[in-house]
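Number of protein chains: 4
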Amino acid sequence: MANFKGHALPGSFFLLFGLWWSAKYPFKFLMKRTKSSKRCFERVELAEGIVKVVFSLVGILAEQFVPDGPHLHLLSEDRESWVKLMNWQHSTMYLFFGISGIVDVLTYSSLRIPIGFDRLVLSLAVFNEGFLFYFHVQNRPPLDQHIHSLLLTAVFGGSLIIMLEVFLRDNLALELFQTSLAILQGTWFWQIAFVLYPPSGGPMWNENDHGNIMFITLCFCWHFAVALSIVAVNYTLVYWIIQLRRSKKSGAMELGQLKSTEMNSHVHLLQSGDED
Amino acid sequence: MANFKGHALPGSFFLLFGLWWSAKYPFKFLMKRTKSSKRCFERVELAEGIVKVVFSLVGILAEQFVPDGPHLHLLSEDRESWVKLMNWQHSTMYLFFGISGIVDVLTYSSLRIPIGFDRLVLSLAVFNEGFLFYFHVQNRPPLDQHIHSLLLTAVFGGSLIIMLEVFLRDNLALELFQTSLAILQGTWFWQIAFVLYPPSGGPMWNENDHGNIMFITLCFCWHFAVALSIVAVNYTLVYWIIQLRRSKKSGAMELGQLKSTEMNSHVHLLQSGDED
Amino acid sequence: MANFKGHALPGSFFLLFGLWWSAKYPFKFLMKRTKSSKRCFERVELAEGIVKVVFSLVGILAEQFVPDGPHLHLLSEDRESWVKLMNWQHSTMYLFFGISGIVDVLTYSSLRIPIGFDRLVLSLAVFNEGFLFYFHVQNRPPLDQHIHSLLLTAVFGGSLIIMLEVFLRDNLALELFQTSLAILQGTWFWQIAFVLYPPSGGPMWNENDHGNIMFITLCFCWHFAVALSIVAVNYTLVYWIIQLRRSKKSGAMELGQLKSTEMNSHVHLLQSGDED
Amino acid sequence: MANFKGHALPGSFFLLFGLWWSAKYPFKFLMKRTKSSKRCFERVELAEGIVKVVFSLVGILAEQFVPDGPHLHLLSEDRESWVKLMNWQHSTMYLFFGISGIVDVLTYSSLRIPIGFDRLVLSLAVFNEGFLFYFHVQNRPPLDQHIHSLLLTAVFGGSLIIMLEVFLRDNLALELFQTSLAILQGTWFWQIAFVLYPPSGGPMWNENDHGNIMFITLCFCWHFAVALSIVAVNYTLVYWIIQLRRSKKSGAMELGQLKSTEMNSHVHLLQSGDED
Chain W
1 MANFKGHALP GSFFLLFGLW WSAKYPFKFL MKRTKSSKRC FERVELAEGI VKVVFSLVGI
61 LAEQFVPDGP HLHLLSEDRE SWVKLMNWQH STMYLFFGIS GIVDVLTYSS LRIPIGFDRL
121 VLSLAVFNEG FLFYFHVQNR PPLDQHIHSL LLTAVFGGSL IIMLEVFLRD NLALELFQTS
181 LAILQGTWFW QIAFVLYPPS GGPMWNENDH GNIMFITLCF CWHFAVALSI VAVNYTLVYW
241 IIQLRRSKKS GAMELGQLKS TEMNSHVHLL QSGDED
Chain P
1 MANFKGHALP GSFFLLFGLW WSAKYPFKFL MKRTKSSKRC FERVELAEGI VKVVFSLVGI
61 LAEQFVPDGP HLHLLSEDRE SWVKLMNWQH STMYLFFGIS GIVDVLTYSS LRIPIGFDRL
121 VLSLAVFNEG FLFYFHVQNR PPLDQHIHSL LLTAVFGGSL IIMLEVFLRD NLALELFQTS
181 LAILQGTWFW QIAFVLYPPS GGPMWNENDH GNIMFITLCF CWHFAVALSI VAVNYTLVYW
241 IIQLRRSKKS GAMELGQLKS TEMNSHVHLL QSGDED
Chain F
1 MANFKGHALP GSFFLLFGLW WSAKYPFKFL MKRTKSSKRC FERVELAEGI VKVVFSLVGI
61 LAEQFVPDGP HLHLLSEDRE SWVKLMNWQH STMYLFFGIS GIVDVLTYSS LRIPIGFDRL
121 VLSLAVFNEG FLFYFHVQNR PPLDQHIHSL LLTAVFGGSL IIMLEVFLRD NLALELFQTS
181 LAILQGTWFW QIAFVLYPPS GGPMWNENDH GNIMFITLCF CWHFAVALSI VAVNYTLVYW
241 IIQLRRSKKS GAMELGQLKS TEMNSHVHLL QSGDED
Chain A
1 MANFKGHALP GSFFLLFGLW WSAKYPFKFL MKRTKSSKRC FERVELAEGI VKVVFSLVGI
61 LAEQFVPDGP HLHLLSEDRE SWVKLMNWQH STMYLFFGIS GIVDVLTYSS LRIPIGFDRL
121 VLSLAVFNEG FLFYFHVQNR PPLDQHIHSL LLTAVFGGSL IIMLEVFLRD NLALELFQTS
181 LAILQGTWFW QIAFVLYPPS GGPMWNENDH GNIMFITLCF CWHFAVALSI VAVNYTLVYW
241 IIQLRRSKKS GAMELGQLKS TEMNSHVHLL QSGDED
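Protein chains in written order, with my numbering: chain W, 1 to 276; chain P, 1 to 276; chain F, 1 to 276; chain A, 1 to 276.
Hints were generated in silico from the structure; no laboratory data involved.
By construction, the Cβ of each residue, glycine as well, lies at the ideal position given by its N, Cα and C atoms.
There may be inaccurate statements among the hints.
Stated by the list, open to error - One side of the interface only, derived from the structure: several residues of chain W facing chain F at Cβ under 8 Å:
hint: 1; residue: Leu19
hint: 2; residue: Leu168
hint: 3; residue: Ala173
hint: 4; residue: Phe177
hint: 5; residue: His210
hint: 6; residue: Cys221
So here's chain W without its partners, still in its complex pose (with noise of 0.2 Å):
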């Protein structure tokens, strides 16, 4: 769908999947490693995997079956030429992070997979939704090659971060890194929806002037710096947080503990009342 849905769509997911993490991945870091605690959070990577394979269905209908969609036609009638190759790409593209989900899904439940594979398939998610955006842009005016290559930028990056996760496993810097550009993703995506398909029927932007391309660059670069600051603030949220849990905890200790030494001593007191 080259219109704004069909960009906002995958943008939102994106988007939602990036905030999630920028949650998760502190906890799963500053959280003490119990038992129950990894049991609680291998149900939750189990239910990350259902909502990926969730999302990636809802996106491959959509692109399927809106009204200007190939309805699983891959030919037309007369056989002579494709039928909205752009809509099968997308479809081709949800498609791989819903084998990503399955994988999530078999990797927590009980097949004997190595921990890694849920990451590598990931990764090749995300390569080949990169791989088809190269391709997609060319023969495109200026602007619209220039704001689909710098997204290749976070997508590639994306993949290559995911793809080292399968060999560094746990390593907090990694998982941010990826969370970010997660984010950077899914509010770039807007931004590709916002300057091309200006939703409010507002001027189109010139697409072969130079200014805009480098204003795009700069602009890009800003997101990515709210990207970085959305998961700075969201680690110093959960780390206050878990201090606040954890003092609270302590407190009521102390306290119960107060309580039991403030009786220990009416005791004594009474008990040095009756010698008295």
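Position chains P, F and A against the provided structure of chain W, taking the given hints into account.
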């Protein structure tokens, strides 16, 4: 051989190796590591090396001695031009896989070659394949160039993964990734054969149509999805076979135990009968 | 600021940091690792972070509020065109180094941030610099393009090295490599300033002459050789200073020992004198 | 020196070093690691560094003081143009290898330089060679460009492998890979000399013929296959020599044992004779 057979032959080789690996690596990972299983796997690796050498010889001989081949001539008779450089290129490609096979054989036989060398040389052979392909496709129609350059993604990706295995030995994630890329290469060689040299004498593809190029890109992704699925299915099959054998064994053992228990109880009965 | 000062300012920043690192890292490597030296180095890192933030602020303010700067305006008054995007680009570059400085400060202060983050964000800041430069130099004369793209080698190389330091912490080889690239960047910014904006009003370079381009390439290599030498000399100086201090200390100790020995022998002499 | 000798000289240097490494590394790997062998190897590394410095000096002097060289002049007398930049480029290339040699000498002598530095600087020297070559071949006929850019594969590959050795020390796979790339560089420099400056005054190659370019690509692969074979043969030779020396030693020991046994039996015979 720039024809159907010249692409179907290497395609079959890669496909066979890919399918074989998709069974070998899960077995190696899931089986218990006993001394006898280790020795068995070394013999298997040796056999694999020999098969690699044989396939390479077949490939070299086929490229050299087909009716329109160079028959080992490099310069034309008037010493003015080169003879059938394309066939020489393909021979060179097979030569490197042959060297890789020889190194496999040497590694798993007597000489004290460190264990990473088989992978290093295989990686170089795959890189060499990509290197020759890269300079192979210049000055061709767009579709021809594109369909070959898609292959390069699988080839250089495979080379990189195998190179990583020099250092990260026995990593199932890398091994299955390499396997799926080998299957992808195999099926894609067949796809190239069908697209560029339609065997049934069907209509030729329009090699300059942008729609065809977009479709071929999509098609490559689907091939990869299929390759991943084949690997996943074979992993699951191997997992079940091993589970089944174990449960049978333990079933047999239980049965044996049961029998001996029964016998014991019979004896006991008899004894107790005697006692009556 | 596409003028002499606009290149001399960042050049000086990089040069200062490079020279400082060429002393810091050898000290860190050669000093004994005691608790007090570790605490001292943490305070030094904190100070470095603060200096980084200050330099970035200076850079941003200079780019925004020079007489021909954008004064924080992004759109022109008729909302038709962008204002001074070049200055905005440079401000963005400084912004990311500022973020890196803030992360440094946070890492070495209270929050429980894992230790690799300071490097990750510094690496991203350097990458961002290269990213902006890459799109900065299109549509310029050949010499201008070439002299900037040489800088990119140092920039992206530096980014990669610092990224490696996220995982390979306290590796002197990486640290000194990074240091020499920082010095190279610093001197090269000055070189760019002198070539493109000769300050003494000297004759302009012919920006299309191939000889000039070849010479500039050579010149870049010589800058790097000089940067390597500076690092080597500073390492040796630090090595000698530490040796000297140690030998002084042990000399003092020896002297002390000698004195006490002398005293002992005096006592002995007196005693023996007494005995006479 | 853009002539036969200017390519044969560095070719010989690389070839000599490659052949030397193809003997050194297997010896280092296969020999027993005793204190004395370790000290011996350190002296060998020191000698290697000195040879590197000498070769570099020879190269620099040859490039500067051949009859048509720049004789250390950089600017022409009228200060209008550069003098013989090509020779200056080659001198710079040798300069970096000289620096690498000096670092080798310092590493294996007194200063407390960490062990990875020799590789880091060698890697930079090789990278610098490739860097200069990359900008060296623009504006040349296609064959000239192609034959030099093939060299770049070996050069940048070598630089990467040596960089890896900074972190993965004493890895035979890397060391022999580096060795084969050095031999490849050596023979390819000679090949370039023979193709571009045929010494016997033979007919020039057609530098625009696509067949020639295809053949040269193939030829490069064959050079690499030969380089790999040389490394393999030398490894096997070293293996046999060490086996032979060991069996001789143990043979001598056995013989000694035999003799002493014989003597004992003689003594025994004599004794038994005495007893008769």
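Which of the numbered hints are not met once you compare them with the structure shown?
Violated: hint 1 alone.
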